[in-house]
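Engineer: Okay, here's what each chain looks like letter by letter:
There are 8 protein chains.
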Amino acid sequence: MQKEISIHSIEQVGQNLANLDLKRELRRGIPEVVLGEGKTSRDIVKIVLSALKMNSAVVVSRIRREDLSTICRALKRRRNRVEIGKNSTTILARTGFVKKRSSGGKIGIISAGTSDMAVAEEARLIAEAMGCSAIVRYDVGIAGIHRLFPALKEMIAASVDAIVVVAGMEGALASVVSAMVNVPVVGVPTSVGYGFGSAGLAALSCMLQSCAIGLAVFNIDNGIGAGAFAALIANRMASNSNKIKI
Amino acid sequence: MQKEISIHSIEQVGQNLANLDLKRELRRGIPEVVLGEGKTSRDIVKIVLSALKMNSAVVVSRIRREDLSTICRALKRRRNRVEIGKNSTTILARTGFVKKRSSGGKIGIISAGTSDMAVAEEARLIAEAMGCSAIVRYDVGIAGIHRLFPALKEMIAASVDAIVVVAGMEGALASVVSAMVNVPVVGVPTSVGYGFGSAGLAALSCMLQSCAIGLAVFNIDNGIGAGAFAALIANRMASNSNKIKI
Amino acid sequence: MQKEISIHSIEQVGQNLANLDLKRELRRGIPEVVLGEGKTSRDIVKIVLSALKMNSAVVVSRIRREDLSTICRALKRRRNRVEIGKNSTTILARTGFVKKRSSGGKIGIISAGTSDMAVAEEARLIAEAMGCSAIVRYDVGIAGIHRLFPALKEMIAASVDAIVVVAGMEGALASVVSAMVNVPVVGVPTSVGYGFGSAGLAALSCMLQSCAIGLAVFNIDNGIGAGAFAALIANRMASNSNKIKI
Amino acid sequence: MQKEISIHSIEQVGQNLANLDLKRELRRGIPEVVLGEGKTSRDIVKIVLSALKMNSAVVVSRIRREDLSTICRALKRRRNRVEIGKNSTTILARTGFVKKRSSGGKIGIISAGTSDMAVAEEARLIAEAMGCSAIVRYDVGIAGIHRLFPALKEMIAASVDAIVVVAGMEGALASVVSAMVNVPVVGVPTSVGYGFGSAGLAALSCMLQSCAIGLAVFNIDNGIGAGAFAALIANRMASNSNKIKI
Amino acid sequence: MQKEISIHSIEQVGQNLANLDLKRELRRGIPEVVLGEGKTSRDIVKIVLSALKMNSAVVVSRIRREDLSTICRALKRRRNRVEIGKNSTTILARTGFVKKRSSGGKIGIISAGTSDMAVAEEARLIAEAMGCSAIVRYDVGIAGIHRLFPALKEMIAASVDAIVVVAGMEGALASVVSAMVNVPVVGVPTSVGYGFGSAGLAALSCMLQSCAIGLAVFNIDNGIGAGAFAALIANRMASNSNKIKI
Amino acid sequence: MQKEISIHSIEQVGQNLANLDLKRELRRGIPEVVLGEGKTSRDIVKIVLSALKMNSAVVVSRIRREDLSTICRALKRRRNRVEIGKNSTTILARTGFVKKRSSGGKIGIISAGTSDMAVAEEARLIAEAMGCSAIVRYDVGIAGIHRLFPALKEMIAASVDAIVVVAGMEGALASVVSAMVNVPVVGVPTSVGYGFGSAGLAALSCMLQSCAIGLAVFNIDNGIGAGAFAALIANRMASNSNKIKI
Amino acid sequence: MQKEISIHSIEQVGQNLANLDLKRELRRGIPEVVLGEGKTSRDIVKIVLSALKMNSAVVVSRIRREDLSTICRALKRRRNRVEIGKNSTTILARTGFVKKRSSGGKIGIISAGTSDMAVAEEARLIAEAMGCSAIVRYDVGIAGIHRLFPALKEMIAASVDAIVVVAGMEGALASVVSAMVNVPVVGVPTSVGYGFGSAGLAALSCMLQSCAIGLAVFNIDNGIGAGAFAALIANRMASNSNKIKI
Amino acid sequence: MQKEISIHSIEQVGQNLANLDLKRELRRGIPEVVLGEGKTSRDIVKIVLSALKMNSAVVVSRIRREDLSTICRALKRRRNRVEIGKNSTTILARTGFVKKRSSGGKIGIISAGTSDMAVAEEARLIAEAMGCSAIVRYDVGIAGIHRLFPALKEMIAASVDAIVVVAGMEGALASVVSAMVNVPVVGVPTSVGYGFGSAGLAALSCMLQSCAIGLAVFNIDNGIGAGAFAALIANRMASNSNKIKI
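Same order as they appear, the protein sequences are chains A, B, C, D, E, F, G and H. Residue numbering for the first sequence follows the working numbering, beginning at 1264 and increasing consecutively. Residue numbering for the second sequence follows the working numbering, beginning at 1264 and increasing consecutively. Residue numbering for the third sequence follows the working numbering, beginning at 1264 and increasing consecutively. Residue numbering for the fourth sequence follows the working numbering, beginning at 1264 and increasing consecutively. Residue numbering for the fifth sequence follows the working numbering, beginning at 1264 and increasing consecutively. Residue numbering for the sixth sequence follows the working numbering, beginning at 1264 and increasing consecutively. Residue numbering for the seventh sequence follows the working numbering, beginning at 1264 and increasing consecutively. Residue numbering for the eighth sequence follows the working numbering, beginning at 1264 and increasing consecutively.
Please note that the accuracy of each hint is not assured.
[Unchecked claim] Derived lysine-lysine pairs resembling PhoX-like cross-links, with alpha carbons at most 20 Å apart: (1) Lys1349/H - Lys1309/G; (2) Lys1316/C - Lys1349/C; (3) Lys1339/D - Lys1349/D; (4) Lys1309/B - Lys1349/F; (5) Lys1349/E - Lys1302/F; (6) Lys1309/F - Lys1349/E; (7) Lys1302/G - Lys1349/H; (8) Lys1309/E - Lys1339/E; (9) Lys1349/G - Lys1302/D; (10) Lys1309/E - Lys1349/C; (11) Lys1302/H - Lys1349/A; (12) Lys1349/G - Lys1309/D; (13) Lys1349/B - Lys1309/C.
[Claimed, not checked] Reference listing, derived: stretches of chain F covered by chain H, where coverage requires no fewer than 3 residues with Cβ under 8 Å from a Cβ of chain H: (14) 1292 to 1298; (15) 1444 to 1453; (16) 1484 to 1498.
What the hints contain is simulated information worked out from the structure, not anything from laboratory work. Model, not experiment: these values are computed from the prediction. Note that the Cβ used here is the ideal one computed from N, Cα and C, for glycine as well.
Whole structure, please, built from the sequences with the hints as guidance.
Structural biologist: Written out as structure tokens, the structure is:
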């Protein structure tokens, strides 16, 4: 008799949800993201082409370096536009005929070392896929801290609504930035580093422990998550302004 | 000769920065936070009274439970208003004569178990100290997941601009919420739990690994940081609307 | 406009789930469990009395030792029956007038050292709260492995449908038992131990790594979870038999 | 003199156990499992052929991908039937002439992401090798939680006696399922994930910490163990019914 | 039918082992050890008195400091002799009327700091309970390495058959000793230390990683295990010599 | 015969070292340090008085707070001078009649938060016990980074020969300082912090991973070690200058 | 002036030690061990040939599998005898013309799984290089625990003086053996395993935590250290007997 | 309005810092270091040639072994001098026409095993790039501790101003050296080792926990940092002497 009840309850839930893709409806601000890791170049092309039928932009992260050009060529041949992240193997593919959508949102992206650039580019690509523009300043680590000030100044002047800080090694840059500005700051530790605290653990713990109140953190190397989160804030802000204006 | 140059450079930097409290100027959105831990009740009262001369609101976190009533009485005697977080030993002290400032910002706060409530209240108090209002729903864990839906519905209907999710044990609630809404979601793991992954490590790793793209995370039990961050977003949104309206 | 859709979707979900306590309906096989840790004896008594209005049995785990007799007296005064686990501070409270329900299910519980007994008793109490009977054999560690054989023999002869093995230190007992019987074996590592691998980590990793195929594991000291799981199997088996017989 | 006694005691034990393969006698419900990792394709074929002389089914896990087709061809050439797990390199080999044995047991297997499928298939193959049938639903993660309900409904309706939930990343799916059904749920964390909590540690700790009472856990990627355990329950249930019926 | 066989097999095993305490018969070289931790002084006295009926010596480790004198007085009142380890709360209790048995075995015990002495004394007491004599040299750390040489010289001259080295902090002393002598060396890391590698982890890893080939290691603070192991070697050596002589 | 050789070799070594306290002779720059932890106030007084017979200064670290005044009174009664570190329970005791020795060495000490002050004071006291003077600037964290510049300027102007940076939480201050000056910088992480990376692990890993080349690190809370090391450099520098001058 | 003293003291020490290879003199029981890892086959051959000029036996561990036959051929061509460990890439090289020296020592070596055999063979080869004979029994895991009894019986009957137990996965075998015999038992955890506790950590912690008193442990995969240690005991025992006999 | 202020403050800071490369001005004592890891040989050559336009020496660390000769040839072709570290892939490149600058500073470098040599060479190359000379003694581990004394004697006699000790495995050598000399000692743990504490963690914790007061530590394998730090001390000392002399 227990089973009857179970089935019944589940049935009610099931019926009402069956035709509903909650994620698609509620979160459509964030485009499809395909993890390239562990997939053949052929599979990736197939998935992207299929996803581009329903979405105007698709991000593919962590493609094997040797497959990068094959995949890009294959996508372009089908008249899609493809952008490759600098120093990275993450790409943003768009259907060729759709005009680039601009949300009006604006974020800043800062990275500490050249090795952190690939993760920062993930953040930029997903943000741009969401129609959000990004001011990027790379190689602004605390070992050359004076290079940081003009970068922050420019971002504040441009009214960015969130700043993504990407840093490996000790990851202190995110704390320093967070202590200096009054826009929401999002930290992304990277797996750059060696010895104790390597694989990003030093940078992660450093950002979580930040004595600057209000620094939000993403997992190690999760540029995509941080970029999407920052763009969500910026786009919301922009859409809010637009709504009111009209 | 090396020293001369060092002194010189530092001097330039020093001169220009000497009269500048960057943090005060740039981040004044976030009120003073006093860590009660390891301080006597007398010291805490002294610090709060002094801080209230320059700030309209001060948050004191992690007061020893046995000192709580002494401190509150002492602050009230000086005509300050004091609010104690539910189940917690964090307080919000305001000067009595200043009218409660409202920023127009609005956030949601959800916590999983009753034991997580103290951390959630930290988030609420700092947000309210920032003039941001909070819709709170506690005890909405995934073991009773159906209680989550009306809570989210109400928050979305009220147009909150960020949702803070506080959860211990496996911390899965933050992922579940993040997968269901399109406002920025901020997760706070708590140190509730036992055995492997205790002290909040299971919840922290769970939130960092979330397969729902775009969940920002704070350190274990850092309700203050998450509340301040969410209020920063909401207040910015509100101030933006106001600015445009006027 | 995004918000309208969000609200709408959540509304649909909300409406259908609002009057449904999924857990209560679907999982009612498992009684209410109250975590005593961090609660006053007065609160515990209040919660238990309230819970006993709707349930015939309530388990309270990890009561502070000094509160144990106060709580038990208070519950008995209200005509409830109370059983305290041996060596433990976990209790099983039942309403006095309801006849002890027997599910017909039968499990075995084995513990390695006397220090593991408290966790084993948690398993026994929750199983009995679920109407399942338990054959218990404590102090049967691998340092005296010959004591294990008669214990297993008796359990198999009594047709138990699951065996819970509770062991701290190196936790090898669970592997040894699992390699010797063909009923489902459930291991519970305990926090008994010292030095490297202490706090139950040696026993936990030992059970997870077991080279005996098919040993299911619960978190360190989680006697309640393991007892409930084993009783779920045994009760299902018994209810199955009964259903068919009639 | 000490030695005499030692020898004597051991001798007694030895004599009585010498001709007894406890594992074979007592646990024969679980078929032979060969770990492919670190073995040449030639050795694997030899071991499987030899094992198939005494067993009707053998499972070989973690074969090197490049050896997969060689091994399968070699086994088929000897008139054995071979099934390869989807997305996986685990195979189930059966002697060709024996009719597929059905125990009447029935389990459900759910996996969260496509990357978790290989581990889920391990569970399915061992269960089927034990004569137990499995209802499988893959790619049902909490990021698309509505897809979960019809899957659970179908499994409950089909009267499965245990559900195996395979999930990487934050592994929250096992908790969610466990909170919703009243059949025994067995969680298998997978090594899918990155950054903090990677290699399956987030999912493992999440499942061990589950606030849903009664979720049994297996080691990271141990689909074989979980499948065998679930099938043990289901087959026992089925054999129990059969016995009584006759 | 499966069950019949299981019972049968277990029965055979059971019958043959039932009257056999393997450990007592085979390992009687090592006396009874009672863990004082978590036991009341009354329970400890009861257990020791009972154990002394069948054994001439009992070691009780980790007695609460405040119970030490009560327990010793109670045991002496019953005409037992009691020795307390220096700086420690471990005791060796012997029946008063039995002459102290000497095995002829001889070991050396060295400890690095005064804080390591309590663990070293555990090793001494168990060794003496086994009839083995011990040459002890405490406070011989590598910060004053020249004090080490005369200590080693004396031990080698006295023909010890094993040396126990007890060291906390970086635990390097065990490596240094092991590199200098040709008797078996046994290292015991202690939980003395702070910061990274505290709780004995630095010393444990240091001893396990020793580049001096042939250093055997015991768990952190496990003086009893190391002392028993060293005495086992020395007693075996002595009994061997004696046997041959006679 | 093996033994003869062993004894012989050890004997040679022993004879030559027997009258040599290497540490005293070679390292006498560093005064006696007594660990207060785990010692009674009476023992501490006894040890200090005895040490002061041969040394002009003794540092006692980590005295229990409740014993502090008793110990200081007892030492002063014997005509010694005692200085207590600010916020700390570490003291510097000197014989009253000896004039305070000045080495001419000079170091800087910076700490990030008020909670780090106790560890910074350990560094100051040991340095002063070594005759080295210290310029101290406390509460100069990166959350108020502009306060750092005048502090560094002053230290460089005063020609300090090493700077000790004491910081908890994310410990980024040491990196920032190290990137800005050309004197040797020594970092001391403190155990101030919470959640992931607590107990000083975040600060330790942050300092070890510093992208500023040339930051030397001490263990968590090891103010004594860092202060002694910095003073060793500064005193050597000073003694070098002096030697040449004369 | 400090320097003079330092130099002087060091000089004294230096002069006396200069012509003394302590290790060679004192520990010559243990042969030269060459770590093959990271060396070219050519370098290995050169080192071994050079070592064989002064030693009758040399052990080379962890040779790259592809270099194994090249190295063996090169050594044999120079008229040395070479033995390769089963399943392993560790070899024992002896000069061809020296008669195999027998110490009279005897040890037992047991391994749990076939994957542990390579480490067990390291123990056997070093023991044999030390002139000690070894009784080996491989594939005697606790999943087939009955196979253990005849193995132990044979070893006890043969009067082995130490038993090396090599086990991966949960490593419980060492505990079980240690609880059953009265000869010194030495455990070697291996890196065989997966998921939580992999890389040998489960087996290592299991052995360190063993509730069987007196189990000595070596680092993960350190078969050489354990074999050398066991042989040291056995050879000492044998040499002792011989000395007395004569 | 908030933004205006932010921009303003940042502007002030920006203007004053814009033309200032603090690091170059203040720290020019340390030459450019290029991380070879993850860069193509072509990129490395380009970066080095460009850096050599402004610096007389550049260190490139962790070049891929197969690129080493290509890079060196390319640099020499442009008339630069190149030195490769022994056993290592770190190089020191200098412009050919500049005379090798000598600072007069002198340090000692000691390494424990041959495998630690590559890291020790990093320290030597950076020190020499800074004009500091180095006395090196490799293969002086504690397993042959007597070889240490003449090495230390020579270094003290040569008046080195700092000693770098590079050690893997248990890393005890740094403690031993630090306890014996009165010059500043800097420890570098290396990633040489296996099993528990591998990847340098045993050596790192050992050095951080050193009971010899005043041992400064660098991260695992960070020979460059330690060499630069030691040279900074030595050069400062030398420049100090020189200044005074003139």
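Engineer: Hint by hint, where does the structure go against what was stated? Just the numbers, ascending.
Structural biologist: 2
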